Structures are given as structure tokens and as C-alpha cells.
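Number of protein chains: 4
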Amino acid sequence: MFMNKGRLEAFSDGVFAIIITIMVLELHAPEGASLEELKPLLPKLISYLLSFVYIAIYWNNHHHVFQVVKHVNGRVLWSNILLLFCLSLVPFVTAWMGENHFSSLPVALYGIILLMCALSYPVLIWSLIRLHGKDSLLAASIGKGTKGKISVAIYSTGILVSWFNSWISFVLYCMVAIIWFIPDRRIEKRIRNND
Amino acid sequence: MFMNKGRLEAFSDGVFAIIITIMVLELHAPEGASLEELKPLLPKLISYLLSFVYIAIYWNNHHHVFQVVKHVNGRVLWSNILLLFCLSLVPFVTAWMGENHFSSLPVALYGIILLMCALSYPVLIWSLIRLHGKDSLLAASIGKGTKGKISVAIYSTGILVSWFNSWISFVLYCMVAIIWFIPDRRIEKRIRNND
Amino acid sequence: MFMNKGRLEAFSDGVFAIIITIMVLELHAPEGASLEELKPLLPKLISYLLSFVYIAIYWNNHHHVFQVVKHVNGRVLWSNILLLFCLSLVPFVTAWMGENHFSSLPVALYGIILLMCALSYPVLIWSLIRLHGKDSLLAASIGKGTKGKISVAIYSTGILVSWFNSWISFVLYCMVAIIWFIPDRRIEKRIRNND
Amino acid sequence: MFMNKGRLEAFSDGVFAIIITIMVLELHAPEGASLEELKPLLPKLISYLLSFVYIAIYWNNHHHVFQVVKHVNGRVLWSNILLLFCLSLVPFVTAWMGENHFSSLPVALYGIILLMCALSYPVLIWSLIRLHGKDSLLAASIGKGTKGKISVAIYSTGILVSWFNSWISFVLYCMVAIIWFIPDRRIEKRIRNND
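Respectively, the protein sequence lines represent chains A, B, C and D.
Its first residue numbered 1, the first sequence is counted upward by one per residue in the numbering used here.
Its first residue numbered 1, the second sequence is counted upward by one per residue in the numbering used here.
Its first residue numbered 1, the third sequence is counted upward by one per residue in the numbering used here.
Its first residue numbered 1, the fourth sequence is counted upward by one per residue in the numbering used here.
Hints listed in this document are in silico derivations from the structure and should not be mistaken for laboratory results.
These numbers were taken from a predicted model, which means no experiment stands behind them.
All C-beta atoms in this analysis are idealised placements derived from N, C-alpha and C, irrespective of residue type, glycine included.
A hint or two may mislead.
To be verified - Simulated DEER-style distance windows between Cβ atoms:
(1) GLY133/B x THR146/D: 40 to 48 Å
(2) ALA139/C x LEU45/A: 45 to 53 Å
(3) GLU37/B x TRP126/C: 30 to 38 Å
(4) LEU119/B x ILE150/C: 45 to 53 Å
(5) LEU45/C x GLU37/B: 21 to 29 Å
(6) GLY133/B x ILE150/C: 26 to 34 Å
(7) CYS174/D x ARG75/B: 45 to 53 Å
(8) LEU160/C x LEU25/D: 32 to 40 Å
(9) ILE150/C x CYS174/D: 43 to 51 Å
(10) SER136/C x LEU119/A: 49 to 57 Å
Stated by the list, open to error - As a list, the in silico DSSO-like pairs of lysine-lysine whose alpha-carbon atoms are at most 30 Å apart:
(11) LYS39/D x LYS5/A
(12) LYS5/A x LYS147/D
(13) LYS44/D x LYS39/C
(14) LYS134/A x LYS147/A
(15) LYS144/D x LYS134/D
Stated by the list, open to error - Every beta carbon over 12 Å from chain C, so not counted as near; a handful from chain D, in silico:
(16) GLU31
(17) LEU41
(18) LEU50
(19) PHE66
Using the sequences provided together with the hints, build the complete structure.
Now the structure itself:
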């Protein structure tokens with residue numbers, strides 16, 4: 001008998017749900033009722049939208065991976081917490097980037113946090129594979145992590161480029177989101193074939 | 001074997017619970033302890049009440065539909081996230097409408113967000129039906145979506161009317177809430193008959 | 001087949017958890033680091049403690065009752081939402097009462113909200129019994145609701161008394177909390193005997 | 001038949017998830033976009049990191065213990081709520097400690113709250129053992145609580161030392177976190193052997 005995954009999923013779902021929702025608290029209702037006063041919120045809204053998509057992507061992949069997870073141990077719990085910690089910093093950098101209209105430093109820091117998330121995700125995967133074995137359905141469903149490596153490369157480029165033109169960085173971050181938008185079909189296929 | 005719906009429900013319940021509860025944070029406790037200082041909160045309270053009912057309606061219908069859902073896929077996850085994103089903007093427009101005592105633009109924007117929610121809900125339904133098939137219990141329980149079409153028409157009217165008299169818009173939004181207040185008896189019946 | 005209670009519990013647990021936790025956000029960290037600056041927080045802390053206990057009591061009783069609930073319907077969902085709405089106003093009155101050092105009006109309003117919660121709870125119970133039948137384990141476990149009636153009487157007294165001396169009201173509210181502190185042993189017993 | 005543990009876990013997971021996530025709200029995005037304006041956030045970030053680890057440790061141990069819990073009663077519910085109450089004060093002292101750059105009084109109060117958590121945890125364990133019996137798998141998995149006693153001693157030292165040098169206290173608090181970082185292998189082992 002091993003520890004079951006139920007509560008790790010429940011706790012993670014809670015944290016994901018809170019992170020994705022508290023970001024909207026940064027959209028403070030302006031005092032006046034005119035269209036003029038809505039305009040300064042536009043960069044914040046764009047910033048929120050991108051982060052919403054990112055958190056949703058992480059939740060989506062987390063969801064897909066844990067469909068084939070059988071059980072967990074202490075190492076899995078802690079690598080999961082590491083991922084959640086990195087994700088928990090997203091609301092802060094989202095707010096900072098939105099408030100400063102995508103200027104260089106906030107955009108760079110936003111990229112750094114995304115990079116930290118992208119680096120902590122494979123740690124979780126690795127600790128799951130270590131527990132389930134290299135021949136497990138889990139290991140077979142994961143693949144080589146090519147997407148992850150490309151993401152890391154694009155984030156790094158985005159961070160560097162931000163000093164010259166932060167909008168290019170922003171476009172790069174959006175690109176990664178698009179790459180990940182499609183959840184890992186491999187897992188869906190494996191689950192279906194494994195029937 | 002398909003992906004089960006458990007975590008989609010748990011994550012959605014989390015987001016619903018947070019959206020419905022953080023709106024109350026806009027009711028800032030006034031500094032003084034007199035009745036005078038409570039009065040300005042009244043429009044905020046009305047605004048909160050309407051939005052609370054709306055989020056509860058969406059949760060209610062989400063709950064009813066997922067009672068007959070068997071499994072989910074990537075498309076369902078993402079159309080669910082689209083709905084949650086639209087709903088996550090409700091607290092912002094609720095606060096803006098309440099703070100500006102139901103003046104034209106905030107009331108119009110409130111209607112636009114409600115409209116977005118009303119348009120994204122059938123996307124979720126459609127992706128669920130596409131997965132379960134047109135002969136499924138799910139498809140049979142849903143009906144033609146007449147209520148949804150009426151809602152879209154009333155919201156659109158409300159948004160246009162807000163430029164002349166925003167209180168008429170407010171009454172129209174309340175009307176839609178009343179229409180939806182009664183949860184979909186069809187699903188309850190189908191579940192019972194399907195015993 | 002009836003609708004199962006799982007998601008109602010999950011959604012309610014989410015709302016309970018958020019209500020009980022966001023109240024702590026009112027304890028703003030003071031700017032300075034001296035003991036002097038902590039003192040003004042004392043009434044807020046007392047206010048928070050009482051409300052924490054109250055929300056916990058409601059969660060506790062909700063938990064006990066739903067242990068013997070078999071299924072739910074639309075009426076149950078909505079009477080549950082009514083209860084959650086009343087409870088969601090507790091953080092606001094808690095903050096107001098704490099900030100104004102338990103002066104008359106905030107203490108009266110606090111009592112009014114508690115009264116609303118106390119009146120909406122039996123509505124939920126009633127709709128559950130209506131669904132399960134008068135001969136159900138649920139109906140047998142509930143009892144006559146004597147505690148509830150006493151609470152309503154004490155709250156009403158507390159609200160009236162607050163105009164003369166709000167501390168008496170506060171003591172009365174604490175008394176009700178103590179009455180309810182012990183969860184309904186009837187349900188625990190019934191569950192055990194029903195083995 | 002006894003009351004099952006499902007909702008206690010769900011409610012606790014909700015509260016844990018909210019506590020761990022709302023602390024990040026204290027990291028307010030600075031107005032400007034320069035590195036200068038990020039610097040004052042560093043103590044807040046360190047403070048957040050320590051508290052995040054602490055809440056994660058408590059969640060982790062809660063998770064491990066409840067793996068071997070069979071059922072709950074009123075006493076368990078209330079001792080669990082006591083623990084959650086103590087933990088709910090962590091965000092407040094985290095913010096205060098971070099804002100005042102780890103000066104004496106905030107660091108002492110931070111230690112006092114940690115001490116309260118450390119003292120309320122064995123109350124929960126004790127009420128669980130009382131329900132399950134001294135010969136239960138639960139009792140066998142818990143051990144003598146040596147770690148807990150050491151923690152209480154170090155916290156107490158940290159609180160006293162803070163008047164002279166609050167950084168020593170901070171190091172002591174970190175030490176306790178490190179001691180607890182490794183989750184209770186005993187329970188993992190017992191669960192595995194009990195197969």
C-alpha cells in the first residue's frame with residue numbers, strides 16, 4: 001500500500017484556483033464611471049489574461065499527468081510544493097508588469113518567474129517517474145520533454161531581449177503559451193489505449 | 001478508459017467558491033460606526049447580491065450538467081477554463097457598478113461580461129456533447145438552449161438601454177437571473193428516470 | 001438515481017474555507033514594530049476569534065448533517081446557497097465591529113447577520129427533510145431544533161440590548177457560540193448505532 | 001459506522017491552500033519599474049518563503065497522519081479547527097515581520113505563533129489516538145513526538161533570544177523548518193508494510 005494521490009490533487013487544485021482568481025483583485029475598479037478611466041486598466045487586463053492562460057496550462061498538464069499517477073511519496077509532495085511556490089509568485093509579477101505597462105525590468109522578472117516554473121515542473125515529473133519506475137504507464141506517457149526544453153530556451157531569450165525591447169519578450173512569452181495550449185495528447189491517447 | 005471528471009469539478013468548485021466570496025471584500029467596513037456611513041454601501045450590497053445569485057446560478061447549472069457527464073478531454077477542460085475566465089471578471093464589474101451607483105457605462109460593462117459568460121457556457125456544453133455523442137444521456141438532458149438564447153437577447157437589450165436608463169438594464173439583468181433561478185429540472189428528471 | 005451530494009459539499013467547503021480565512025486579512029500588519037502599535041489590533045483579534053468560532057460551528061454542523069444526507073435536489077442547492085450568502089456577510093460585520101471597538105451599531109449589525117444565518121440554517125434542514133422524508137435517518141437525527149430557537153431568542157435580545165450596552169450583546173453572542181460549540185451528538189450517535 | 005474523514009480533509013486542504021496563497025498578496029507590486037524599488041521587498045520575500053515552507057510542512061504532516069486515520073468525531077473536528085486557527089495567524093505575523101525587516105518584536109511574535117501551532121498539533125494527534133485506540137496503526141505510526149518537543153524548545157529559545165538579536169531567532173526558526181522538512185518516514189513505512 002502506498003499513499004494515495006487524492007489530497008495532493010485537492011490541495012493543488014485549491015492553490016491553482018486561488019492563484020488564478022486572486023490575480024483579478026489587481027483590476028481595481030476605477031473611481032469614475034467614464035471610459036477614460038478604464039483605459040489604464042488595459043495593460044493590466046492583458047497581463048492578467050496571459051497569466052490566467054499560463055496558470056490554466058499548468059493546471060491542465062498537472063491534471064493530465066496525475067491521471068496516470070498511481071500513488072505519491074514525500075519527495076513527490078515536496079517537488080509539487082516547489083512548483084506551487086513558483087506559481088504563487090506569478091500574481092505578483094503579473095501585477096508589476098501590468099502596472100508598469102510592460103517596461104523592461106518587470107517583463108524580465110515575469111520571464112524569470114515563468115522560467116522558474118518551467119524548471120520546477122520537470123522536477124515534479126522526475127520524482128513521479130522515480131517512484132513509478134521507467135516502465136510505468138506514467139513514464140511512457142511523458143515523452144522526452146522537448147516542449148519543456150524549447151520553452152526554457154524561449155523564456156531565456158525573452159528575459160535577455162527585454163532590455164532592448166520588452167514587447168518582443170511579451171510576444172515570446174505568448175508563443176510559449178500557444179505551444180503549451182494544446183494539452184499533452186500523448187497522455188489522453190495512452191489513457192484511451194490502456195482501456 | 002477516458003479521463004475522469006473529478007478534478008475538473010474540484011478545480012471549478014474552487015474557482016466558483018473564490019469568485020463568489022472575494023466579491024464581499026469590496027464591502028469595505030466604513031471608518032465610523034454611524035448609520036450614515038453604512039448608506040453608501042447599499043448600492044455595493046445590491047450589486048454584490050445580484051452577482052452572488054449569478055455565480056450561484058452558473059455553479060448550479062455546472063453542477064447539474066456534470067452530474068450526467070461521464071468523462072472529459074482537453075477540449076472540455078479548455079472550454080471550461082474559458083467560462084471560468086469570463087466569470088472571474090464578474091467581481092471587477094460588480095465593484096465598478098456598485099461604486100458608481102449603477103451609472104451607464106459600468107452597467108453596460110456589467111452586461112457585457114454577463115453576455116460573455118452566457119456565450120461561453122454553450123461552448124462548454126457543445127464540447128461536452130461532442131465528446132459524449134448526440135445520443136447520450138447528456139445530450140438528451142440539455143434541450144435546445146432556449147433559455148440561453150433569451151438571456152443573450154435580454155443582455156444585449158440591457159447593454160443598449162443602459163445609455164438611456166441604466167436602471168432598466170439592471171431590472172433586465174435581474175429578470176434573466178429570475179429566469180435561471182430555477183435549475184434545469186430536465187436533468188433532475190432524467191437522472192431520476194434513468195435509475 | 002438522485003443527484004449526489006459530493007459537489008455541494010466540495011463547493012460549501014470551499015466557501016467556508018475562504019470565509020474563515022479572508023477575515024484574517026483585516027488584521028493589517030501595523031507599520032511600526034512596537035507593542036504600542038499592536039494594541040489597536042486587539043479588538044479586531046477578538047472580533048476575528050468570535051467569527052472564526054462561528055464559521056467553524058456552522059461548518060461543523062453542516063458536516064454533521066451531510067453525513068446522513070443521501071442526495072440533493074435544486075431546492076437543497078438553493079437553500080444551501082442562501083446560508084452561504086448570509087455567512088459571506090460575516091467577514092464584513094466582523095471587520096466593522098472590530099474597527100469600531102464594539103460600539104453599538106456595528107454590534108447590532110453583527111447580531112443581525114448572525115440572526116440571518118441562524119434563520120437560514122433551518123431552511124436548509126427543512127428542504128433536506130422534505131427530500132428525505134420524515135421517517136429518514138436524517139429527520140431522526142435532527143431533533144426539534146431547540147438550540148436554534150434559543151439562539152434566535154438570544155440574538156434578538158443581543159441586537160436590542162446593543163443600544164444600551166454593546167458589551168452585554170457581545171457576551172450574549174459568545175454564549176450562543178458556547179451553546180453550539182458541542183457538535184450535535186445526536187447525529188454521531190445515530191451514525192454509530194446505525195452501523 | 002463512524003463519521004468519515006473526507007470533508008475534514010477537504011475543508012483543511014481549502015484552508016491550507018488559502019493561507020499559503022494569500023500571504024503572497026503582501027508582496028505589493030511597487031509603483032516604479034526600477035530595481036531600486038524591488039529591494040525593499042526582499043525581507044518580505046524571505047519572510048514569505050519561510051512561512052510558505054512552514055505551512056507546507058504542516059500540510060505535509062497533516063496529509064501523512066490522515067492517511068492512517070479511519071474516522072473522525074467532534075473532538076477531532078475541533079482540535080483540527082484549533083490548529084487551523086493558529087495557522088491562520090501566520091500570514092499576519094509574516095507580513096509584520098517582513099515589513100519591519102525582522103526587528104525584535106515581530107520576530108518574537110512570529111515565534112509565538114509558530115509555538116502555538118506546534119502546541120496545537122499534538123492536541124489533534126492526541127484526539128485522533130484517543131478515538132482510534134493505543135493499538136491502532138495510527139498510534140504506532142506517530143512515535144514519541146520527539147521532533148515536536150525539540151521544536152517547542154527551539155521556538156522558545158528563539159522568542160527569548162529575539163530581544164538581543166532577532167537574526168539568531170530567524171536562524172533558529174529556519175532550523176526547525178529543516179528538521180521537519182523531511183516528512184515522517186515512519187508513516188510512509190507503516191503504510192507500505194501494512195500492505
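So, going through the hints one by one against the coordinates:
1. About 59 Å separates the C-beta atoms of GLY133/B and THR146/D, a value inconsistent with the hinted range of 40 to 48 Å.
2. Evaluation of the 45 to 53 Å hint for ALA139/C and LEU45/A yields a pass: the beta carbon distance comes to about 51 Å.
3. Checked against the hint of 30 to 38 Å, the pair GLU37/B and TRP126/C passes, with Cβ atoms roughly 37 Å apart.
4. Judged by the Cβ atoms, the range 45 to 53 Å given for LEU119/B and ILE150/C holds: they are separated by roughly 50 Å.
5. Look at LEU45/C against GLU37/B: about 23 Å separates their beta carbons, and that is inside 21 to 29 Å.
6. For GLY133/B paired with ILE150/C, a C-beta distance near 55 Å fails the hint of 26 to 34 Å.
7. A hinted range of 45 to 53 Å for the beta carbons of CYS174/D and ARG75/B is consistent with their spacing of about 46 Å.
8. As the Cβ distance of LEU160/C to LEU25/D is approximately 39 Å, the hint placing it in 32 to 40 Å holds.
9. Between ILE150/C and CYS174/D the beta carbons are some 50 Å apart, a value that agrees with the proposed interval 43 to 51 Å.
10. Taking 49 to 57 Å as the suggested C-beta distance range, the pair SER136/C and LEU119/A conforms, at roughly 55 Å.
11. Annotation: proposed proximity of LYS39/D to LYS5/A is violated, straight-line Cα distance about 39 Å (limit 30 Å).
12. This hinted pair checks out: LYS5/A and LYS147/D have alpha carbons roughly 26 Å apart, not beyond 30 Å.
13. Under the criterion of a C-alpha separation no larger than 30 Å, the hint pairing LYS44/D with LYS39/C is consistent with the structure, at around 23 Å.
14. Distance hint between LYS134/A and LYS147/A is fulfilled; the C-alpha atoms sit about 20 Å from each other, no more than 30 Å.
15. Between LYS144/D and LYS134/D the CA atoms are separated by roughly 12 Å; this keeps the pair inside 30 Å, and the hint holds.
16. Every beta carbon of chain C lies more than 12 Å from that of GLU31/D, the smallest distance being close to 18 Å; the non-interface claim holds.
17. Interface exclusion of LEU41/D from chain C stands, the closest Cβ pair being 14 Å apart, more than 12 Å.
18. Here LEU50/D stays apart from chain C, with its beta-carbon at least about 15 Å from theirs, past the 12 Å limit.
19. Non-interface call for PHE66/D relative to chain C: holds, since the shortest CB-CB distance, roughly 15 Å, exceeds 12 Å.
Violation of the numbered hints given earlier is confined to hints 1, 6, 11; the remaining hints are satisfied by the structure.
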